[in-house]
Amino acid sequence: MKQSLNYVVSMIVAVFGANASTAETVEFGTFDFAPYVLHDDPEDRLGLFVEIMAAIVDRADVPVNNSVLPIARVIKNLERGLTDCVIALETPWSLENLDQVSEIHDRMEIIIATRSDFEITQLSDLHGQRLAIPRGTFRGSPVTAEPNIEHVLTNGYEQSIDLLKAGRVDAIAGTALSLYHSFTIENVKRSDIGVVVPVESNSLWLQCAKGLVSEDTMAKMDQATRALRDEGAIEALVQRYIPPEFK
Numbered sequence: 001m002k003q004s005l006n007y008v009v010s011m012i013v014a015v016f017g018a019n020a021s022t023a024e025t026v027e028f029g030t031f032d033f034a035p036y037v038l039h040d041d042p043e044d045r046l047g048l049f050v051e052i053m054a055a056i057v058d059r060a061d062v063p064v065n066n067s068v069l070p071i072a073r074v075i076k077n078l079e080r081g082l083t084d085c086v087i088a089l090e091t092p093w094s095l096e097n098l099d100q101v102s103e104i105h106d107r108m109e110i111i112i113a114t115r116s117d118f119e120i121t122q123l124s125d126l127h128g129q130r131l132a133i134p135r136g137t138f139r140g141s142p143v144t145a146e147p148n149i150e151h152v153l154t155n156g157y158e159q160s161i162d163l164l165k166a167g168r169v170d171a172i173a174g175t176a177l178s179l180y181h182s183f184t185i186e187n188v189k190r191s192d193i194g195v196v197v198p199v200e201s202n203s204l205w206l207q208c209a210k211g212l213v214s215e216d217t218m219a220k221m222d223q224a225t226r227a228l229r230d231e232g233a234i235e236a237l238v239q240r241y242i243p244p245e246f247k
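Taking this note's numbering, the leading residue of the sequence shown gets 1, the next gets one more, and so forth.
Simulated from the structure, these hints should not be mistaken for laboratory data.
Please note that a few of the clues may not be correct.
[Said to hold, decoys possible] Computed list of lysine-lysine pairs in DSSO-like fashion (alpha-carbon distance at most 27 Å, straight line):
id : residue 1 : residue 2
1  : K210      : K76
2  : K189      : K247
3  : K165      : K189
4  : K247      : K165
[Unchecked claim] Pairwise CB distance ranges (calculated):
id : residue 1 : residue 2 : range
5  : E245      : D40       : 18 to 26 Å
6  : R135      : E96       : 20 to 28 Å
7  : P244      : R107      : 17 to 25 Å
8  : G167      : N202      : 26 to 34 Å
Glycine is no exception: its CB is placed at the ideal position from the N, C-alpha and C atoms.
Turn these sequences into a full structure, and let the hints guide you.
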């Protein structure tokens, strides 16, 4: 039986209902972007960030409300003080504007996947070739910094994959989990592409708006995150979102 996001959030609130009058309730914002949030997933997964958030607050014994929103809306709500915390990659913006509460995972990779008859070992091997990149992504990343690569801007991972399948680009770039998820949606098998080359790795963090969450609550969530990470629970969740043929 599939569980909805609202059901999971309601369960979290119910678990902590007895303490709701005294405990600090944390307002989470979660990016409505697959596979970090999933709707009606055939494997009954709720999305990586939803499951990580639920595991952290359950271990920390912290009541939460979770709002699933477009990425831009979550960022605006953080700036306006409407959202307290978020699970997101560490970026220059987040380092300047948010408290980095706890590192969740240290190997969130950006990858290059090539057409089936084309092999590379590093990003510079794409000099003179066409690389599809979703519009507005990877600003300041090595992926967009190479001047001798022809960047083909697309409207998303699905369009990038369509161009690769049609032979109109030589490779596509994306965050590993998002690209693997899109491969599954587009029915792309491992044999349909050439090589997968990691070009950059970033860290996933629990981050909170400055001054909105008490030190005590942040300490509880930090301790819970560290415990889950040390026990291997975070890695196990990440692995659920990588298709077996791409592990």
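Okay, the hints, checked on the actual structure:
A threshold of 27 Å between alpha carbons decides the hint, and for K210 with K76 the separation of about 14 Å falls inside it, so the pair holds. Between K189 and K247 the alpha-carbon distance is near 13 Å, which keeps this suggested pair within the 27 Å criterion. In summary, the hint linking K165 to K189 is supported, as the alpha carbons are separated by about 11 Å, within the 27 Å threshold. Proximity of K247 to K165 is assessed by CA-CA distance (about 22 Å); at most 27 Å being required, the pair is judged to hold.
Hint check: E245 to D40, Cβ distance near 23 Å, so the stated range 18 to 26 Å holds. Distance hint check for R135 and E96: the Cβ-Cβ separation is about 24 Å, which falls inside the suggested range of 20 to 28 Å. At about 18 Å, the CB distance of P244 to R107 agrees with the hint of 17 to 25 Å. Between G167 and N202 the Cβ separation comes to about 30 Å, which falls inside the hinted range of 26 to 34 Å.
Consistency note: the structure conflicts with none of the earlier hints.
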